[in-house]
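A.B. asks: Whenever a hint applies, use it, and build me the whole structure from the sequences.
Protein chains in written order, with our numbering: chain F, 1 to 539; chain Z, 1 to 539.
Hints are computed from structural coordinates only; laboratory data are not their basis. What you are looking at is a predicted structure, and each value in this text was computed from that prediction instead of being measured. Watch out, some of these pointers could steer you wrong.
[Said to hold, decoys possible] Quick list of the computed label-pair ranges, beta carbon to beta carbon: (1) Z:A255 / F:A353: 26 to 34 Å; (2) F:A35 / Z:S346: 53 to 61 Å; (3) F:D206 / Z:P136: 28 to 36 Å; (4) F:S349 / Z:R134: 36 to 44 Å; (5) Z:F207 / F:Q291: 50 to 58 Å; (6) Z:F207 / F:A315: 37 to 45 Å.
[Said to hold, decoys possible] Negatives, chain Z to chain F, calculated, CB over 10 Å: (7) T4; (8) A96; (9) P220; (10) D512.
Note that the Cβ used here is the ideal one computed from N, Cα and C, for glycine as well.
So the chains spell out like this:
There are 2 protein chains.
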Amino acid sequence: MTLTGHSLIAGQPVVGNGKTAHGFNPATNERLEPAYTLVTEGQLKAATAAAAAAYASFSTLDPGTHAGFLEAIADNIEALGEELIIRAGQESGLPAARLQGERSRTTGQLRLFAGVVRQGDFRGVRIDPALPERMPMPRVDIRQRQIPLGPVAVFGASNFPLAFSTAGGDTASALAAGCPVVFKAHNAHPGTGELVGQAIVKAVKDFGLHPGVFSLVYGPGSSIGQALVADPAIKAVGFTGSQSAGIALMRTAAARPEPIPVYAEMSSLNPVFVFPGALNGSAEQIDVLAQRYVAAVTGSSGQLCTSPGLLFAPAGEAGDKLAAAVGRAVSACAGQTMLTEGIAASWTSGADALAAAGNVSVLGKGTPGATENAPAPTIFGTGIGDFIDNHVLHAEIFGAASLVIRYSTADELIEATQRMEGQLTASLQLAEEDYPTAARLVPALEQKVGRIIVNGWPTGVEVGHAMVHGGPFPATSDARTTSVGTLAINRFLRPVAYQNLPPELLPAPLQDTNPWRLNRRIDGSVESSDATETAEVTA
Amino acid sequence: MTLTGHSLIAGQPVVGNGKTAHGFNPATNERLEPAYTLVTEGQLKAATAAAAAAYASFSTLDPGTHAGFLEAIADNIEALGEELIIRAGQESGLPAARLQGERSRTTGQLRLFAGVVRQGDFRGVRIDPALPERMPMPRVDIRQRQIPLGPVAVFGASNFPLAFSTAGGDTASALAAGCPVVFKAHNAHPGTGELVGQAIVKAVKDFGLHPGVFSLVYGPGSSIGQALVADPAIKAVGFTGSQSAGIALMRTAAARPEPIPVYAEMSSLNPVFVFPGALNGSAEQIDVLAQRYVAAVTGSSGQLCTSPGLLFAPAGEAGDKLAAAVGRAVSACAGQTMLTEGIAASWTSGADALAAAGNVSVLGKGTPGATENAPAPTIFGTGIGDFIDNHVLHAEIFGAASLVIRYSTADELIEATQRMEGQLTASLQLAEEDYPTAARLVPALEQKVGRIIVNGWPTGVEVGHAMVHGGPFPATSDARTTSVGTLAINRFLRPVAYQNLPPELLPAPLQDTNPWRLNRRIDGSVESSDATETAEVTA
Numbered sequence: 001m002t003l004t005g006h007s008l009i010a011g012q013p014v015v016g017n018g019k020t021a022h023g024f025n026p027a028t029n030e031r032l033e034p035a036y037t038l039v040t041e042g043q044l045k046a047a048t049a050a051a052a053a054a055y056a057s058f059s060t061l062d063p064g065t066h067a068g069f070l071e072a073i074a075d076n077i078e079a080l081g082e083e084l085i086i087r088a089g090q091e092s093g094l095p096a097a098r099l100q101g102e103r104s105r106t107t108g109q110l111r112l113f114a115g116v117v118r119q120g121d122f123r124g125v126r127i128d129p130a131l132p133e134r135m136p137m138p139r140v141d142i143r144q145r146q147i148p149l150g151p152v153a154v155f156g157a158s159n160f161p162l163a164f165s166t167a168g169g170d171t172a173s174a175l176a177a178g179c180p181v182v183f184k185a186h187n188a189h190p191g192t193g194e195l196v197g198q199a200i201v202k203a204v205k206d207f208g209l210h211p212g213v214f215s216l217v218y219g220p221g222s223s224i225g226q227a228l229v230a231d232p233a234i235k236a237v238g239f240t241g242s243q244s245a246g247i248a249l250m251r252t253a254a255a256r257p258e259p260i261p262v263y264a265e266m267s268s269l270n271p272v273f274v275f276p277g278a279l280n281g282s283a284e285q286i287d288v289l290a291q292r293y294v295a296a297v298t299g300s301s302g303q304l305c306t307s308p309g310l311l312f313a314p315a316g317e318a319g320d321k322l323a324a325a326v327g328r329a330v331s332a333c334a335g336q337t338m339l340t341e342g343i344a345a346s347w348t349s350g351a352d353a354l355a356a357a358g359n360v361s362v363l364g365k366g367t368p369g370a371t372e373n374a375p376a377p378t379i380f381g382t383g384i385g386d387f388i389d390n391h392v393l394h395a396e397i398f399g400a401a402s403l404v405i406r407y408s409t410a411d412e413l414i415e416a417t418q419r420m421e422g423q424l425t426a427s428l429q430l431a432e433e434d435y436p437t438a439a440r441l442v443p444a445l446e447q448k449v450g451r452i453i454v455n456g457w458p459t460g461v462e463v464g465h466a467m468v469h470g471g472p473f474p475a476t477s478d479a480r481t482t483s484v485g486t487l488a489i490n491r492f493l494r495p496v497a498y499q500n501l502p503p504e505l506l507p508a509p510l511q512d513t514n515p516w517r518l519n520r521r522i523d524g525s526v527e528s529s530d531a532t533e534t535a536e537v538t539a
Numbered sequence: 001m002t003l004t005g006h007s008l009i010a011g012q013p014v015v016g017n018g019k020t021a022h023g024f025n026p027a028t029n030e031r032l033e034p035a036y037t038l039v040t041e042g043q044l045k046a047a048t049a050a051a052a053a054a055y056a057s058f059s060t061l062d063p064g065t066h067a068g069f070l071e072a073i074a075d076n077i078e079a080l081g082e083e084l085i086i087r088a089g090q091e092s093g094l095p096a097a098r099l100q101g102e103r104s105r106t107t108g109q110l111r112l113f114a115g116v117v118r119q120g121d122f123r124g125v126r127i128d129p130a131l132p133e134r135m136p137m138p139r140v141d142i143r144q145r146q147i148p149l150g151p152v153a154v155f156g157a158s159n160f161p162l163a164f165s166t167a168g169g170d171t172a173s174a175l176a177a178g179c180p181v182v183f184k185a186h187n188a189h190p191g192t193g194e195l196v197g198q199a200i201v202k203a204v205k206d207f208g209l210h211p212g213v214f215s216l217v218y219g220p221g222s223s224i225g226q227a228l229v230a231d232p233a234i235k236a237v238g239f240t241g242s243q244s245a246g247i248a249l250m251r252t253a254a255a256r257p258e259p260i261p262v263y264a265e266m267s268s269l270n271p272v273f274v275f276p277g278a279l280n281g282s283a284e285q286i287d288v289l290a291q292r293y294v295a296a297v298t299g300s301s302g303q304l305c306t307s308p309g310l311l312f313a314p315a316g317e318a319g320d321k322l323a324a325a326v327g328r329a330v331s332a333c334a335g336q337t338m339l340t341e342g343i344a345a346s347w348t349s350g351a352d353a354l355a356a357a358g359n360v361s362v363l364g365k366g367t368p369g370a371t372e373n374a375p376a377p378t379i380f381g382t383g384i385g386d387f388i389d390n391h392v393l394h395a396e397i398f399g400a401a402s403l404v405i406r407y408s409t410a411d412e413l414i415e416a417t418q419r420m421e422g423q424l425t426a427s428l429q430l431a432e433e434d435y436p437t438a439a440r441l442v443p444a445l446e447q448k449v450g451r452i453i454v455n456g457w458p459t460g461v462e463v464g465h466a467m468v469h470g471g472p473f474p475a476t477s478d479a480r481t482t483s484v485g486t487l488a489i490n491r492f493l494r495p496v497a498y499q500n501l502p503p504e505l506l507p508a509p510l511q512d513t514n515p516w517r518l519n520r521r522i523d524g525s526v527e528s529s530d531a532t533e534t535a536e537v538t539a
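C.D. replies: So, in structure tokens, the structure goes:
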């Protein structure tokens, strides 16, 4: 497929009237063709106006067509073939195998949401039938459903050019909810963005949908991104990226004449707590634990939202062995290309700041990679008292760095947890003898994280129905949600009640005949759609 | 019961170290005893700290005890007997019959939420069992539930001293979610607040709960209210009141180091759209419609969130008859005491501003009431072009005033709807011949309101499972929710996922044995609790 270097607004390539920008290959620091033309605020308005115009038809699409559309996007992404993997690799420095896995995740979550659309529980139908004989006052018929919020602005992540970008989790869940999407392309992978954007646009056309259902715009985040969030046509925002950028969008959204929700996934230290029982085995078992930790720290060059930035290890001999094994394991690692020159520079300054903090040592340091922007993975060490007292040790270092913290008591772990900011995950490495201690820590962790993991690592986020990829601020802007998994669709919905409407005016999900065969909550109890054929809810 | 004039902090009366304040009888402008001592910010900290300390035990209470506690609050409120009705009447000017109805609603919603707690669907259990054989990667066991956000600050409404105040909808739904509550007493009904507060405190004691589960504090909204929302221990806010106060709380919450959700129900014009078919009957039917409209405008002195502030009537002869009948009906009304001297003064200045606007006439005006603060109900008239163009006509006048707007076409109604801000409700008066026109208006209304009513009036909000008392900003601060009905519990919850936890560490709702007999979503499909006895979910 030919890369045009232009935005895709309501199905058409649009030459931006602003400056131009290029992607860069972070392995070589060389720029990639073509140049991308950036839109002006006036051109952006065409995208948001088209999204607003698309809402009426897209938000009321029948479930079969709606689900088929999501599946067609997945098919079209697969049809891009190796071109997509090659371009994404050039723009991100990520290896092909990682990108192939990410593509599977991207298409898998589109198909998962297609299933959610067909199943229909997200429509949240509740019916309280009329009770004309009720005393002292009759009850009128009231029916509730969830409707899509309206056009959604989505900002992709640098570290997942496929699964958290153009057709990633935020776009998939917003489209599944019935919200048109205006996607602000990520500057670090413009060509990848255009390829996937073309795949979405093709599905929009093939299904005969309003072209405003999806637009992809290129422009600076600080102006076009901010203007997008401030646009009155936009009713919600999905974002994955840095804390500073996320907070800037939150402020803009809150300052609008009509404030709107922002779902920003921003940062996380993902602490791992190693309990004494996990170190009771052989030296070889301790080595395996250390190797897995280092693999989680260095995988994808440490550029995962869920990379473990902290590991709490017990004081004493077994903990000493673990620390030594961690040092050996990381020393054997070579740096991998980071996503951009800027991200590599941020990693270096973050690692330097941590190294300069009091009572912080270097447990082990690998070697720089052969490419550009591939600094040496490093794991630091400190004591829990220093961690509790020094906020510098709580800063996220995005990339292959982590901090091993030695502790003596469960009370210290609880205090350290209470001092932490909100996180996406916490992981516990433990054996049965540690359960009583862990049971004390878990309630403290629930207040700080969105996911608790036992004897596993936080990386590798499963896309399913039970996943929570979220957590208290500043891990995310809104702890009431998740950005991964089917619950993410709820972010883009709001309830509306219909009182005493005649059948002719009731939306399909609320009609007595239940044409969409939805499970519905009748008088507070869910009635399976299987029961619909024989029962009229108002009977 | 003796009124102490003091705050109730963690079960104990606390003499405030600030100034004192009195309730006032708005029918006479006389002050009521006792004086209420106002807390300082330091004293407020004792309440929020106690709420934080109560969270661990209260948030994990077994459903039976939890539901029994809510029912005990209802019982204790009823046990207050006539003393509560008398005091609330003195402080609000509301008639006894209205307050008795409001008490029933208050106890009814506490008992409704007790049922929700026993039923348990709000815990949102989702289980994706492990798939160890899955290719290319095994799936780990992941389980999700909703946990309470933490201590909630609740601000009561002046216009519902019972149902939207101390033990009102926000308190009931927060307590049902498992969140301790710090209630900022409303200055307009301090004695009513204390009586109900004592009823809650007694239930806390009788059930042996942590005393921090509920506190009631007296203090100025502009200092103590703001300090409460800014307190790090508080994790969400429920508010019903004016737009200016609600927006001030939203700003404070957004500016915290950890921003928190604010659920503010603030203002609404509640437009009523009269279609031509509704006026096709006899002159008597038109009179009945006019009388019902005027009753909705003047009931409770117009001090309901859902009082209709706008009525769109067709141009032409039938509409002329309706306008004349409205004028006659309101002219026959006498003013009723408003809630406070300040509210009555605001009503007067709002009505004066509307009267002074261009092309606004007075359709009819009643007579002032015999008491203080009982201005004459007034209904104004204008044309739809003026409404569309003049923002002054969109201002809420809290109290017995309304504006009749004459229109000619459905397009005008759609344009007027699009120009409106968010509202709680919209009502349609229509006959079968109007369905095609109404079908065009309904999608526009869905974008602006939380509830659509046909051939009824927006007042009299049913407390059930399907009700939505919410709507886009500025009707509320968060259109994704409702403040009335069982869905309101969702405001105070957030999801947490548990990955690969051993049974010994899993919270009760997620255990294989399903000890709380919850309906659970297994691999995306809800499995009724009836199925639990024979199936192990991980089998």
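A.B. asks: None of the hints should be skipped; say for each whether it holds.
C.D. replies: Status of each hint after checking the structure:
1. Z:A255 / F:A353: 26 to 34 Å: holds (27 Å)
2. F:A35 / Z:S346: 53 to 61 Å: Given about 59 Å between the Cβ atoms, the range holds.
3. F:D206 / Z:P136: 28 to 36 Å: holds (30 Å)
4. F:S349 / Z:R134: 36 to 44 Å: This hint holds: roughly 41 Å between Cβ atoms.
5. Z:F207 / F:Q291: 50 to 58 Å: holds (51 Å)
6. Z:F207 / F:A315: 37 to 45 Å: holds (43 Å)
7. T4: holds (34 Å)
8. A96: holds (15 Å)
9. P220: holds (25 Å)
10. D512: Fine: 14 Å to the nearest Cβ keeps D512 of chain Z off the interface.
Of the numbered hints listed earlier, not one is contradicted by the structure.
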